[in-house]
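**Q** Going line by line, the protein sequences match chains Z and S.
Residue 656, in the working numbering, is where the first sequence stops; the numbers in between run on with no holes.
Residue 516, in the working numbering, is where the second sequence stops; the numbers in between run on with no holes.
Derived by calculation from the structure, the hints in this document are not laboratory data.
Heads up, a few of these hints could be off.
[Unchecked claim] DSS-like, lysine-lysine: derived pairs with alpha carbons at most 30 angstroms apart:
#  : chain 1 : residue 1 : chain 2 : residue 2
1  : Z       : 42        : S       : 308
2  : S       : 445       : Z       : 397
3  : Z       : 264       : S       : 197
4  : S       : 216       : Z       : 142
5  : Z       : 557       : S       : 254
6  : S       : 170       : Z       : 42
7  : Z       : 523       : Z       : 466
8  : S       : 433       : Z       : 42
9  : S       : 216       : Z       : 264
10 : S       : 444       : Z       : 264
11 : S       : 342       : Z       : 42
12 : S       : 170       : Z       : 264
13 : Z       : 142       : S       : 444
14 : Z       : 557       : S       : 392
15 : S       : 272       : S       : 258
16 : Z       : 42        : S       : 444
17 : S       : 254       : Z       : 142
18 : S       : 83        : Z       : 264
[Stated by the list, open to error] Far from chain S by the CB rule (all over 10 angstroms, computed), these chain Z residues:
#  : residue
19 : 228
20 : 390
21 : 460
[What the hints assert, rightly or not] Simulated coverage check for chain Z against chain S, where a stretch passes if three residues somewhere in it have a Cβ under 8 angstroms from a Cβ of chain S:
#  : region
22 : 41-55
23 : 108-115
24 : 186-200
25 : 257-266
Small disclaimer: the values here were computed from a predicted structure and weren't measured.
All residues carry an ideal CB built from backbone N, CA and C; glycine is no exception.
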Amino acid sequence: CCCCNEVGCKPGADGDDSLYPIAVLIDELRNEDVQLRLNSIKKLSTIALALGVERTRTELLPFLTDTIYDEDEVLLALAEQLGNFTMLVGGPEYVHCLLPPLESLATVEETVVRDKAVESLRKISQEHSPVDLEVHFEPLVKRLASGDWFTSRTSACGLFSVCYPRVSSTVKAEIRQHFRTLCSDDTPMVRRAAASKLGEFAKVLELDYVKSDIISLFTALASDEQDSVRLLAVEACVSIATLLPQEDLESLVMPTLRQAAEDKSWRVRYMVADKFSETFVSLQISLCFNCIHSVLTIWLSDLCLLCPVSEQELVSDTNQHVKSALASVIMGLSTILGKDNTIEHLLPLFLAQLKDECPEVRLNIISNLDCVNEVIGIRQLSQSLLPAIVELAEDAKWRVRLAIIEYMPLLAGQLGVEFFDEKLNTLCMAWLIDHVYAIREAATCNLMKLVEKFGAEWAQNTIVPKVLGMANDPNYLHRMTTLFCINALSEACGQDITTKQMLPVVLKMSNDQVANVRFNVAKSLQKIGPVLDSNALQTEVKPVLEKLATDTDMDVKYFAQEAISDANVEQRLVQQAAFIFPADQTCCSLAGSQDRSEQRNTVVSITACNLMNSRIACTNPSQTVSFPNFFQPDLHAPVHSLFSAATQIEFDQTNE
Amino acid sequence: MSAISASEKVDGFTRKSMRKAQKQRKSQGSSQYRTQSAPVELSPLPQLKDAPSTEQQELFTQKLQQCCMLFDFLDSVMDLKSKEIKRATLNELVDYVSTNRGVLVESTYPEITNMICTNIFRTLPPSDNPDFDPEEDEPTLEASWPHIQLVYEFLLRFLENPDFQPSIAKRHIDQKFVLQLLELFDSEDPRERDFLKTILHRIYGKFLGLRAFIRKQINNIFLRFIYETEHFNGVAELLEILGSIINGFALPLKAEHKQFLMKVLIPLHTAKGLALFHAQAYCVVQFLEKDPTLTEPVIRGLLKFWPKTCSQKEVMFLGEIEEILDVIEPTQFKKIQEPLFKQISKCVANPHFQVAERALYFWNNEYILSLIEENIDKVLPIMFGSLYRISKEHWNPTIVALVYNVLKTLMEMNCTLFDELTSSYKAERQREKKKEQERDELWKKLDELRLSSAALVQNNSHGLPSVQNNNNNNNNNNSSNNNDNQDTRAEAAAVPTDNKVPDAGVAASESTPCAK
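Please model the complete structure; the sequences and the hints are all you need to start from.
**A** Listed below in structure tokens is the structure:
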């Protein structure tokens, strides 16, 4: 790729070489301070660009390969960078230069680094020509696969599938052999890695080899001595099942799957349950019915609590995990089985599960309601649904509460506004004073989505008064929640409600005795500013912000000043833009864009552009920069530089 | 939620432990009961001691078989009578193997191990509490402990019986047995782990053929813990076993053992729950006492994994370093003093006073003091900058007082060097600042180059997607730079002790425009 050569070598070609001696750059990569070293590594592409492709290959990469003993954080960044380096070393033709450093990174101890290195290797493998793949890449995979320490063998597992399809048949045979060896590796870590890549590898293999090789590996791994290996083999079952013709499934896959469904370890049974619908979606319906009867009955022992008739309460905690996995699976089955079957066979199960003692089971049912809704409509369930929702809403585990909040907008939409007001509204308000921040935050977000669904008028009548009432709560966390709600709701509620009802409360809270509340007032004002009319902005907001800017607390001051300068810049630029380009269509439509940030960027760019033009016009009128060409290619990227250019010019002009 | 009174949350937050306490406690059963059909009612057999000696063997076997029946302990009223019979029988069996001689004939071995395997080997149930914090939460106890405890007790007595013959037992107590035993170390019940620890230790002692296998499997458990799951309840117990094993290693150390130290024991320090098993980390010191040449790689390893954000762990690391320094040889000290004291000087300057304090306590250690004195020309220049700065800036008066003492001690060690460093301190700071400025300049130039080449690319109709992408990122970085600056300012305001000196040079250069 010649253009890249040109660009990369530019400084060298200009004779400006001395500006970027490699020693200086390498010093940066070796800085004693980890943070600085990390920053440098993250900008490695800049360094490579400065060096040009030639020196990147001959000097930078050898350095990186030799000095791989660093903090894992740095190595992680390096592994990531190298995956995007193809152009910087001179394009696909030279991409193999990146292999040595990535090979070392693929052998380090830390999992995240190794995984990232493998990810990068997989990425650049696609950029290798078939010849390079055999000459450079495949030998690397082999070296890793026969490495001494388990880490390199683990990494190798992830690389087989990317090179297999593109190499000659002799090499293919070798790769299959290597994979087989790793599947029976001495260490469980490697067997786990191999098992987790089994499905992926099966997909790139020829069907005959799937039948001969993969099935035997699958069977072996599925009966490994460690349950952590067995359960990964079960996972691979999904992709293997899709590859095989129907008639072979029963003999090749089902025995192992049945065995896994009865495994003595709950983890393996869990995985089978978890992958249940996925596996069976890939099988055909006819077979599916057979399996449901044969396999599902096995789990009915796990599921005995699900059947209302069974009064056994012998179920231990273990089974709850299997059960909750199954709960989510059963919901998925409804789409496969169709309406009649669902009502007949599955509905009783749903209803029973909604009363299950384990919150995860109930949650899984509720979170998969959309499947049922598609098939039979949610109304059928609403009577049983409500008690379950109420109980989950108050569950002791906050993650459970969080999950149910996330389903509120969906439920609200399906159950309608009346049902919601009557039964669920109080719950939504109660979450606002939860003791976990994540819940309060999600509750605010939930309110916003509800307002988007039910409209501003509904908000004004039901939500806003309660939210604003919390502004007088003795607990400052609740008072802050009022502010967060206002931030979230202002846009959805519109200018009228925001200015008339919310703004007075926010302004009043600027006198709060807790500093956290006060600086959040400043932040809120900044946030809702765009929604307010300019009159309120000038006469009410500004004075309060100015007062806050003289607050005794450092943070309050800071955020107040932030808000003031934000308001100022925006106001001035909007005025200028309107003044300068009154007739420009693009400008006006962008400036009127709904997206605030885009709008603001546009305005900044326009101003900058204009200022530059006027400056250029002074010296050479023919060189005027035309607005659309100037920043059309990328609206966002040049804004920063334009803006600093603009301020500089502005500064120059005042000096002149 | 509502049960928490207002007085408990004066600060707006409720204590984690309080909320936890409200949750109902519940013990946990294992998953094994599912696989079995409902237990048959047991009928009591005659006492072993009452049986004629010719029938004792037969009765013993019968009792062992009887004890293979498993019960559900989550239902406390179920099969009460049978449970009691099994408990009494197990008690009798424990008594029988620990007091009698000549009862362990070859034919009983399979029956004994079968009874043990049936009872104790099970897939551990998933944790009741997915975010189980071993430091704060009560562990969930094994429900069937009344029986399992006796089975463990029996296993232990069996192994300790003077008639016990490893050569016969090794057919039953094999690799598979050990593997299952090791998996049980993940039990949340500390009573169970304690038994397992003693039992595994006995097995390690009696079965020479299993030793290498046990070590390897423990390695695998640790590696899985470090790099895959970050969860295993029995790390401390396994380390304790290793602690006693290491003592017996022959010199020179085998490569396998060194590899264990460097690739397992040191990375184990990265674990989140280090506090739970740090006391057992004396393994490291034991290694160093055996082979002092390992000191350098060990300390470099610890420095590599030095905690960045967790002050509590940092204090533990400092403790461990002190333990190592206590046994270090002066020649080894020389090899690592530079990187080590660079870290210590950072710790001393840590805004968290416990970290700073722990590091400063090194100067109360006579042996460490003597090492420092010997190498004062190397140590003092490294330490001086931080010490001098904190003596003026640290928010905590105790730390400042400690620093003054340390400075005084160091000054007494080499007065001339100390004076030199004092007078060159300002110049040194300025040089650092200048270097920082130069770095900024360099990066700015590099970024400009990137911008201009990106512009070139944009003009070309066939652009380079990857470079362009990076360029966009870079610009985003740039535009967020200002924010970053403000953030640091806000941070500096929040933690007035840190970064007090505003970097005027950087700020100024930052605001100069980059347009040509």
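**Q** For a quick check of understanding: which of the numbered hints are violated here, in increasing order?
**A** 2, 5, 6, 10, 13, 19
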